[in-house]
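Protein chains in written order, with the working numbering: chain A, 3 to 265; chain B, 196 to 359.
Since the hints were derived computationally from the structure, they do not count as laboratory data. Idealized CB from N, CA, C, for every residue including glycine. Accuracy of the hints is not assured; some may be wrong.
Computed list of chain A residues with no C-beta within reach of chain B, every gap over 10 Å [unchecked claim]: (1) Glu68; (2) Ala85; (3) Arg98; (4) Tyr109; (5) Glu110; (6) Lys147; (7) Ile155; (8) Glu169; (9) Ala172; (10) Lys188; (11) Ser218; (12) Ile220; (13) Leu255.
Straight-line alpha carbon distances no greater than 25 Å define the calculated DMTMM-like cross-link-like pairs of lysine to aspartate or glutamate that follow [as the list claims (entries may be wrong)]: (14) A:Lys188 x A:Glu171; (15) A:Lys147 x A:Asp99; (16) B:Lys289 x A:Glu17; (17) B:Lys289 x A:Asp9; (18) A:Lys232 x A:Glu245; (19) A:Lys147 x A:Glu169; (20) A:Lys147 x A:Glu247; (21) A:Lys14 x B:Glu246; (22) A:Lys232 x A:Asp205.
Chain B stretches covered by chain A per the calculated footprint, using a threshold of three residues with CB under 8 Å from any CB of chain A [said to hold, decoys possible]: (23) 242-254; (24) 276-285.
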Amino acid sequence: MLSKLYDFIIRKHLEILTVIFVGVSLLLLSRTENHVVLVLQTRWQDFTSVIKKPLIEQEHKRRVMEENRQLRKDVFLLKRELAQAQSLMMENQRLRDMLGFRDTSKYELLPALIVYKGFKDGTNIITLNRGKRDNVKENSVIVNKEGLVGRVIAVGNRSSLAGMIAEPEARLSICINPVRVYGILKWHHGNIFVIDDIPTSVDVREGWTVMTSGLSEIYPENIPVGRITKVTSSENGFTYLIEGEYFVPFKNLREVFIFIHDR
Amino acid sequence: MIVNEKKSSLILYPLLSLLFLIGIIFNDFIGIAGIRPDILLVFLFVIALRESSLIAIIAAFCFGLLQELVLPGALLYWGLSPLAKTLLVFTLLKTLPLILRSQKLVFFISLFGLIFVYYLFYNLLYYAGFINWLTVIYRYTVPESAYTFLILMLVHMIFPLREK
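Go ahead and model the full structure; you've got the sequences and the hints to work with.
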């Protein structure tokens, strides 16, 4: 009997061991989170962590560097987005102001965008994205919400060229408010204009505004042009030398209106 | 011939032990996208193909226990690894005469198949209730099987597995 059992065990040792091991494994499975095993595993982890330390530190450094690189990239992207948002906000504000100006103007105004600023035949010119199709004509007056900008000098189908009043050759018939004195305005430098030949017999003061006179065939009257900043007498003492500043910031000009006709 | 085999074993087992030590100590660093090979499984294949069935089945159970003791995270199901490894080696030993008689390609496909079935069994139980079974297969089982099989092939290139 015993020898038969022994033979059976020898013959079937693989199956018997497998059944035993499977049984033990299943028993262990049913006793998951065994305390002794957890302690052993913790001690093993403590031991190996000493060996792994340099590699872990290296890995940590690599991750920090990668995170840093990603953060710098994010900061750059966010800065760019912020700049875009600020630019859009400013544009929005400008367009809102222009819209308000258009609604209160007595002229029919066509909004136009400056697509190019350049220099042609000794004249500063701007190219507008409006042309014959939009009813723009030669000598149509151009303004923005601050005041007079210039006039259209050539018209294409979809765009037009315009000259500004702030340039060496430009002359403008103006009227100083509130005294209603007429004179000729010339560009001087930057955003500064001069008016001469105004007799000292009239009272002219700094801070008074300069408007178009309406005597010109091109510009209607009472379009704001600028403000007087300095009043001095000429050498002969009979006339003033008047300096002023244009209302329109010509350097930063982006959107304008073209007069189509009176309302 | 016997002397040669003994010499080969003298190199093979220390080498596998070293590989195993590297595998468990630097387990986190040999992973590729979270996929780690089971070096003990490679070890078991070598033992099963070169040693007696008694040693192989005892090694399978002991290696399973060892793996759960030394590898972090394996204790979620204490006993799962010895169970899976015991069953794998039992299957391997039972099918070994057939596998060894087969052609080279079939032999390797069979080894890969066994590794795949082992991982399938282990991972399906290990991730049961956490991850969808299809995800378990393509995210863990297939890549882990491939990685382990690759290491087995590397060992085979140095110490051919069909010597038994």
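Q: Take the C-alpha atoms of A:Lys14 and B:Glu246, compute the straight-line distance between them, and say whether it is at most 25 Å.
A: Status holds; Cα separation ~17 Å.
Q.
Would the non-interface assignment of A:Leu255 survive a Cβ cutoff of 10 Å against chain B?
A. holds (56 Å)
Q: Take a quick look at A:Ala172 and tell me if its Cβ sits farther than 10 Å from every Cβ on chain B, holds or violated.
A: holds (70 Å)
Q) In terms of Cβ atoms, is chain B entirely out of 10 Å range of A:Ile155? A) A:Ile155 clear of chain B: closest Cβ-Cβ about 67 Å, beyond 10 Å.
Q. Taking 25 Å as the top limit, are the C-alpha atoms of A:Lys147 and A:Asp99 close enough?
A. holds (7 Å)
Q: Taking the shortest Cβ-to-Cβ distance between A:Ile220 and chain B, state whether it exceeds 10 Å.
A: holds (73 Å)
Q | Restraint status (C-alpha distance of A:Lys147 to A:Glu247 at most 25 Å) | A | Given pair A:Lys147, A:Glu247 holds - Cα atoms ~16 Å apart, limit 25 Å.
Q) When you look at the beta carbon of A:Glu110, is every beta carbon of chain B farther off than 10 Å? A) Consistent with the label, A:Glu110 stays out of reach of chain B, its closest Cβ about 67 Å off (over 10 Å).
Q. Are the Cα positions of A:Lys232 and A:Asp205 separated by 25 Å at most?
A. holds (13 Å)
Q: Evaluate the condition: distance from the CB of A:Lys188 to the nearest CB of chain B exceeds 10 Å.
A: holds (74 Å)
(Q) Would the hint linking A:Lys188 and A:Glu171 be met if the CA-CA limit is 25 Å? (A) holds (8 Å)
Q. Taking the closest pair, is the beta carbon of A:Ala85 still more than 10 Å from chain B?
A. holds (37 Å)
Of the numbered hints listed earlier, not one is contradicted by the structure.
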